[in-house]
Amino acid sequence: MKKILTAGAVILMATLAMPAHAELDTDKLKGVKPTAENHPLEKIISGYEFRNKETQMLQDDDFDNPAYIWVDAGEELWSTADGAAGKSCADCHGDATTSMKGVKASYPKWNEAKGKPMTLQQQVNDCRTERMQADEWGWESDEMLGMAAYVASQSRGMPVAVKTDGQMTPWFEKGKDIYYTRVGQLDMSCANCHEDNYGKNIRADMLSQGQINGFPTYRLKWQKLGSVHRRFKGCMKNIRAKPFDVGSDEFVALELYVAWRGQNLPVESPAVRQ
Amino acid sequence: MKASVYVISALAAGAFTVSAVAGEVTAPSQVMVNDEFAVEKSLTGTPGDVAAGRDWFANRKLGNCLACHQNADQASEPFHGEVGPTLDGAGDRWEPAQLRAIISNPKKIFGDQTIMPAFYSDRTGTRTAKKFAGTTILTAQQVEDIIAYVSTLKE
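In order, the protein sequence lines correspond to chains E and F.
Its first residue numbered 1, the first sequence is counted upward by one per residue in my numbering.
Its first residue numbered 1, the second sequence is counted upward by one per residue in my numbering.
For the record, the hints were derived by calculation from the structure and aren't laboratory data.
Mixed in with the good hints, there may be bad ones.
Cross-link-like lysine-lysine pairs, in silico, DSSO-like; alpha carbons within 27 Å at most [unchecked claim]: (1) F/Lys61 / E/Lys200; (2) E/Lys233 / F/Lys61; (3) E/Lys242 / E/Lys224; (4) E/Lys174 / E/Lys109; (5) F/Lys131 / E/Lys233; (6) E/Lys33 / E/Lys109.
Next up, chain E with everything else stripped away, as it sits in the complex (with noise of 0.2 Å):
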């Protein structure tokens, strides 16, 4: 009896103990040099680095991470079918841990299909409606941000690489415009803050470069996870700007901008932040 019981636990914290991710090396989030010539930025570093070692400390630690709460809910949905196909995304594309292992790195990317660049969320629902006959999670939903940071967390610790060229080239345009654009009635960019104020603080918040390698991030401001497009638009409604909509080639194509800032950092999913 005490023997099944002793080996029950070892099981159990073998388990526990298992990373449910590659590793990430936390060093490189300090920075690491930009690939592209004509880069804004001398070092990318990562908005960990500008956070208290409290939140750090969240982040590195998986069982202390908030986020794994919706990475495991997540990994369950994976292999949950769904939709009047009766499939789920095991059935397409087998063990997560192979088979997404890169993905989010290259992510906003282009879709033949649609004729446009896709975020990972609009590649998930993509799936959903063609081929599971499924509708759609909304966009800031429970499943949504825990599948994409599922997705994603297979990623980690591997260098962004998102592609601009070809056509690319006007989605990556577009989206550093609207990054160097003074909005809202403080008439201020992004670049104002995250790129020439960097390291100070603004208030009570260190201003990052506002690298997006992280995300879906768990912020505890929001006691939970949440996308790219929120943060974008919780920056923008700052400055008392109309932030555009969640899912918006506006925000597409600033996500691809703003990844590309951050192209060669870990990625870094699920991030804790303030």
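Given chain E, work out where chain F should sit, using these hints.
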């Protein structure tokens, strides 16, 4: 209920509309910066209130000057920003008429690139949220109050 709705919409309309009726307040588009980079004439004709200005300076919904500027006089307020220079001694460095120009529209003083917002300007950025369209961040009197307060910051 009705009364409070009225008050809120009156606030949202901003001082500009309200004061235009009064006739003595300078409209945002009429704020003229002279060769000394100063605006000599008071925006309201009513002297600024130092204590009120001190409040607007810290208030996150109004001046929120502390978001970007450190200020030893408000050391008891947590979290002073570092985006702009400290305003300790700003009252020694600037005349009230220059502060009026800076606070109303710093782009005319520091250049178009400055991150500091224009607190009394009718030219807001593109895509301004509906709620704030056509309004100024501060009222003319709030600007005067902050000028009076910042003028007391001496070293």
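Hints versus structure:
{"no.": "1", "hint": "F/Lys61 / E/Lys200", "result": "holds, 21 Å"}
{"no.": "2", "hint": "E/Lys233 / F/Lys61", "result": "holds, 19 Å"}
{"no.": "3", "hint": "E/Lys242 / E/Lys224", "result": "holds, 24 Å"}
{"no.": "4", "hint": "E/Lys174 / E/Lys109", "result": "holds, 15 Å"}
{"no.": "5", "hint": "F/Lys131 / E/Lys233", "result": "holds, 16 Å"}
{"no.": "6", "hint": "E/Lys33 / E/Lys109", "result": "holds, 23 Å"}
When each numbered hint is compared with the structure, no violation occurs for any of them.
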